[in-house]
Amino acid sequence: MTTSPSAIPADQPAQPAASDRPPVVAMTGITVTFPGVKALDGVDLRLFPGEVHALMGENGAGKSTLIKALTGVYSIDAGTIVVDGTERTFTGPAQAQLAGISTVYQEVNLCDNLSVAENVMLGHEVRRAGLVDFRATRRAAREHLKALNLDIDPASTLSSHSLAVQQLVAICRAMVVDARVVILDEPTSSLDVDEVERLFAVVRDLRSRGVAILFVSHFLEQVYAISDRMTVLRNGTLVGEYRTADLPRVELVQKMIGRSLEVLEQLEEAPKRVVAERGDVQPYVQAIGLGRKGSIEPFDLDVYPGEVVGLAGLLGSGRTELARLLYGADRSDVGELRVDGQPTKLRTPRSALARRIVYSSESRKTEGIIGDLTVRENIVLGLQAERGWLRRIPQRKADEVVAQYVEQLGIRPANPDAIAGNLSGGNQQKVLLARWLATQPKLLLLDEPTRGIDVGAKAEIQRLVAELAEQGMAVVFISAELEEVLRLSHRIAVLRDRRKIGELTNGDDVTTDDVVDLIASGGQDA
Amino acid sequence: MNLGAIARHRLFWPLVALVVLLVASALKSPAFLEVTVRDGHLFGGPVDILRRSSVLLLVALGMTLVIATRGIDLSVGAVMAIAGAVALSQIAASPDPGALSTVLLAMLTALAVALGIGVFNGFLVAVVGIQPIVATLIFMTAGRGIAMLITGGQITTVTSAPYKTIASGYWLGLPVAALIAALIFGATALLTRRTALGVLIESVGINPSASRLAGVRARTIIWTVYVICAAFACIAGFIKSSDIMAADSNNAGLFIELDAILAVVIGGTSLAGGKFSLTGTLVGSLVITTLTLSITILGIPVNAVSLFKALVVIAVCLLQSPVVQHRMRSRRRRAAPVPVEVPA
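Chains A and B, in that order, give the protein sequences.
The numbers in this note's numbering rise by one with no breaks, and the one at position 61 of the first sequence is 61.
The numbers in this note's numbering rise by one with no breaks, and the one at position 136 of the second sequence is 136.
Treat each hint with caution, since some may be false.
Under the rule of at most 25 Å between Cα atoms (straight-line distance), these lysine-lysine pairs were calculated in the PhoX-like manner [what the hints assert, rightly or not]:
#1 A:293 to A:345
#2 A:397 to A:345
#3 A:255 to A:38
#4 B:275 to B:28
#5 B:28 to A:397
#6 A:365 to B:309
No lab work stands behind these hints, which were simulated from the structure alone.
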């Protein structure tokens, strides 16, 4: 984040002169109401052919709702959607797709158990005399994959590939329909640097072919690298439309958050690293040659109370696997684990929970939130699981706990009876954090807690982690963003190829380059 | 609560169906809704419905819990047959079939066997990871054969006053069978809603892996609901066999799993698992039992019985479906959009 002290210009939307062609999509005065909530209030959005348009806003600002209003998932209360000069109302994504609007969602929405080719071509199989020509279909799929430089076997099942590859397959799928508008909703949140570059190459190629791209991402760097123009939303209302080149980052963030610069800088101020006075304190958790075949090679790791240990490494380097062993989500098959000095075997998450170890998974949707339950039920779930089913948490106690964490973490909407699945990503993450903090853990394993959430919420979570450590909690912090790991951690364990290759003690002289060097060298000279 | 909100309630249409069936039967046969006191017992159509719906309600209650965990139990009908077979064979073989101790012991034996089947089903689903529909299909098909083996291929009949009381007896003027069902209903409601079991079952049904990572004993909970379901089916089997005082391995509880699933669905519990409603299941069971009864009263030709039943069920399910409700509402007033659920 740059903090250029330039004067704040008036909220002047960019003039429509950037493209002399008429917009391919023009949404005007869009209003969408859910029971009790106005999710969108009179929002405009214009997409021009041959442009990458970024849709910016905090969690819950209405980005996803706007996309769903465009693709017909939600019906709109007021406003018009004009596609190619004619007013349209789509009744569903399929109809929007027929009109040339394709969407790639934040979480991969594909069929796990079908082959890559089937996923790419689903609904667009090559037909001959009414029957599917599977060979031709696979061939077509291979060509589409090649256009994305994705060298994978189209006949392999989708679930055998990493999340990153699945995401690229999802994007590939959007290309199949020759879309004129492609919506990328958080496409990069699970990709590493190389994969992002690969994706951007494709996006640029599409742009040069006159496709309009709507790009939603929380990574400001990426937004500035790829977008030509942006629309900023805040709390379901339109802040304005701007040319990316005309809008410095600080001002963008300010517009998204709607707070003054000082507050913003305060939020962004890096949490101070407190170097724990170790003395003769013993580590809360000590892994000695702990490992699991096919998952992670034996590793040693100590985590002391009051200390944040960062896990750095590329996607698939074994970060998550390591954390899962410490939580008992997977069972170790070699080595020893000591909790508070006691040799311990963790067979299930329950046994870890009993030893005050908690793990917040990297996939909120599939391994975190219970979508149909309320915020209250989600928050007390951990506590309840620990107490067993027989001893229900009294309503009053539950309300107290929930109220405390809703307030402390700033969960929005602040309604304990809201269905958790309807909350935005950042707020779901906070609900998960609340679930774990309510169990008063001594070791907190956080796997990508800031992925896919906005700047404001991210800074809040970072600050919270630092505070918790200061209060004596042991924290293992996993993130794909090295800057974040460096900012928060006292020590950094570096992983590569499912192996712990080294450890760095953090200090002012340690930079991301040191970590990258360590990863690159494979720990040979470390 | 205004009229619109009442009409949108999950149980509105099932209750309407129930009332319509009762009114139609009463119009056809005015004595139907009359409740009289004879020998200190209550008699009449409504009492009959309560008595007859007890079997279905018991089975459907267990089914509700199983369905809430994303499962299904097809073996309930067979468990009913086995329960009747075990209990009646033991009573028939004993020197004193009329003694209360004989009857209680026989019922305990049958309950133990049923629990064993529940443990087996639960083991296959929760531990081995076999799909519930396949796992319970084993006992659905094999169970009746086992019941036949127990009764030696005969329809075992007994004369035992205490056992006859289960289905035909009265207590405080009410049929014992209905009282048993009410007791179990109350116990289940307390068990799930006064403890945390209900919300944990829902949480496992909505997202098993997230529940496990949250520290919930997902496996144990899934296992438990199959055991509960078998136990309830066993009690239903007692009522059924007591009704005819015979263990008919071929016909006891035949196709009741389908009626039970239907009752659960009419009651608003989704087959996809998650949120469940015991009250809904109660209403669903009453609707299906009343339907079966009113068919005879309304003089529907025997050939058309299945068709009639199907039509009523289709009507209720259609009126309940979110899509149809959404359409009807937006026809009335073209405002207030509701996000249409799309599979994620």
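Verification of the supplied hints:
1. A:293 to A:345: Satisfied, since the Cα-Cα distance of roughly 16 Å is no more than 25 Å.
2. A:397 to A:345: Violated - the C-alpha atoms of residue 345 of chain A and residue 397 of chain A are around 32 Å apart, more than 25 Å.
3. A:255 to A:38: With a Cα-Cα distance of about 20 Å, the restraint between residue 255 of chain A and residue 38 of chain A holds, given a limit of 25 Å.
4. B:275 to B:28: The given pair, whose Cα atoms are some 39 Å apart, is violated under the 25 Å limit.
5. B:28 to A:397: violated, 55 Å
6. A:365 to B:309: Cα-Cα ~41 Å, so violated.
Violated hints for the displayed structure, listed by number in ascending order: 2, 4, 5, 6.
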